[in-house]
Amino acid sequence: MQFGGALGAAFLWLGSGIATPLHADNPSRCAVDDRGREVCLHASANRIATLSPGATELTYAAGAGDQVVAVVSYSDYPPEAKDVASVGSHTRIDLEALVGLAPDLVIGWVTGNPAEQMDILEALGMPVFYIEPRSVEAVADTIERLARLAGTEPVGKQAANEFREGMAALTARYSERDPVATFYQVWDEPLMSVNDDHLIGQVVQLCGGENVFGDQHRLVPRLDDEAVLAANPDAIIAGGMGEENRDWLTHWEQYPNLAAVDAGNLYFVPPSLIQRPTPRLLEGAQILCEKLEHTRQKRRGS
Numbered sequence: 001m002q003f004g005g006a007l008g009a010a011f012l013w014l015g016s017g018i019a020t021p022l023h024a025d026n027p028s029r030c031a032v033d034d035r036g037r038e039v040c041l042h043a044s045a046n047r048i049a050t051l052s053p054g055a056t057e058l059t060y061a062a063g064a065g066d067q068v069v070a071v072v073s074y075s076d077y078p079p080e081a082k083d084v085a086s087v088g089s090h091t092r093i094d095l096e097a098l099v100g101l102a103p104d105l106v107i108g109w110v111t112g113n114p115a116e117q118m119d120i121l122e123a124l125g126m127p128v129f130y131i132e133p134r135s136v137e138a139v140a141d142t143i144e145r146l147a148r149l150a151g152t153e154p155v156g157k158q159a160a161n162e163f164r165e166g167m168a169a170l171t172a173r174y175s176e177r178d179p180v181a182t183f184y185q186v187w188d189e190p191l192m193s194v195n196d197d198h199l200i201g202q203v204v205q206l207c208g209g210e211n212v213f214g215d216q217h218r219l220v221p222r223l224d225d226e227a228v229l230a231a232n233p234d235a236i237i238a239g240g241m242g243e244e245n246r247d248w249l250t251h252w253e254q255y256p257n258l259a260a261v262d263a264g265n266l267y268f269v270p271p272s273l274i275q276r277p278t279p280r281l282l283e284g285a286q287i288l289c290e291k292l293e294h295t296r297q298k299r300r301g302s
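Each residue of the sequence shown is one higher than the last, beginning at 1 in the UniProt record's numbering.
Just so you know, the hints here were simulated from the structure itself, not pulled from any lab data.
Here the structure is a predicted model, which is why all the values come from computation and not from measurement.
Ideal Cβ positions, reconstructed from N, Cα and C, are used throughout, including at glycine.
Among the hints, erroneous ones may be present.
FRET-style restraints, in silico, Cβ to Cβ [to be verified]:
#1 K82 - L229: 39 to 47 Å
#2 R173 - E137: 16 to 24 Å
#3 H251 - H42: 47 to 55 Å
#4 R300 - V32: 44 to 52 Å
Taking the hints into account, I'd like the entire structure generated from these sequences.
Written out as structure tokens, the structure reads:
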């Protein structure tokens with residue numbers, strides 16, 4: 001493999017061993033990533049690149065925000081992440097810019113980053129730690145693993161435990177309540193939902209909802225209006241394309257015989273609170289649980 005310009009110079013520099021990961025037989029700070037690979041560092045990571053908005057948020061939650069030197073577009077939480085140098089998007093990384101920032105740890109997203117570019121980073125000797133939490137416990141565990149690599153274990157452990165405890169409290173409060181047939185809309189064109197294996201589907205269940213598309217084989221099934229009409233959910237929940245954009249819900253108002261429309265159970269949850277597997281999922285889950293409880297209360301009063 002040949003590299004030119006700044007990338008070639010970086011290859012020579014990184015290849016000297018300054019930023020290479022350790023082998024498992026010479027451990028220091030080690031963690032297993034979500035591709036099942038053990039990643040070990042010589043010391044706590046001091047210059048971290050996070051290559052998805054979710055990775056950025058989780059790294060800050062782990063207490064390593066001050067060590068983040070590179071992010072990608074839409075890394076907008078916490079607010080201070082907006083001031084960190086951007087190295088492109090999660091689907092197309094500016095490798096020259098990233099290498100120039102000399103990270104000693106790169107946090108990748110299992111299904112979100114381009115494989116060929118990630119291979120180049122690893123060829124350059126950069127330790128790459130892949131994450132993609134797909135359950136409530138995995139969110140907490142990811143925070144703890146990132147804190148281990150960053151040397152911020154006390155902060156990471158506290159954040160992980162607070163998330164676990166908050167989600168457990170919601171489960172205890174809502175999961176056994178009267179079920180509410182629920183359609184969660186994750187996208188509009190094409191129309192998409194989630195199944196019960198998806199993290200959002202798991203949140204619907206812990207809130208006492210019955211995901212009307214929970215038994216679909218695909219994690220994010222594609223649908224059409226007719227499928228939703230046939231399922232006839234009691235509640236429709238959508239995230240929209242912005243934190244205040246409820247346009248996706250207005251689409252369903254053309255179907256007055258739909259149970260959710262007839263009862264006025266069209267609900268919005270800010271997408272960053274429910275569609276990112278980060279600690280803010282607790283806030284999104286609280287909102288979703290409250291929406292489904294409101295549906296129950298209206299049903300009891302009818």
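So, going through the hints one by one against the coordinates:
| no. | hint | in the structure |
| --- | --- | --- |
| 1 | K82 - L229: 39 to 47 Å | 41 Å, holds |
| 2 | R173 - E137: 16 to 24 Å | 18 Å, holds |
| 3 | H251 - H42: 47 to 55 Å | 53 Å, holds |
| 4 | R300 - V32: 44 to 52 Å | 47 Å, holds |
Going through the hint list in order, the structure satisfies each hint without exception.
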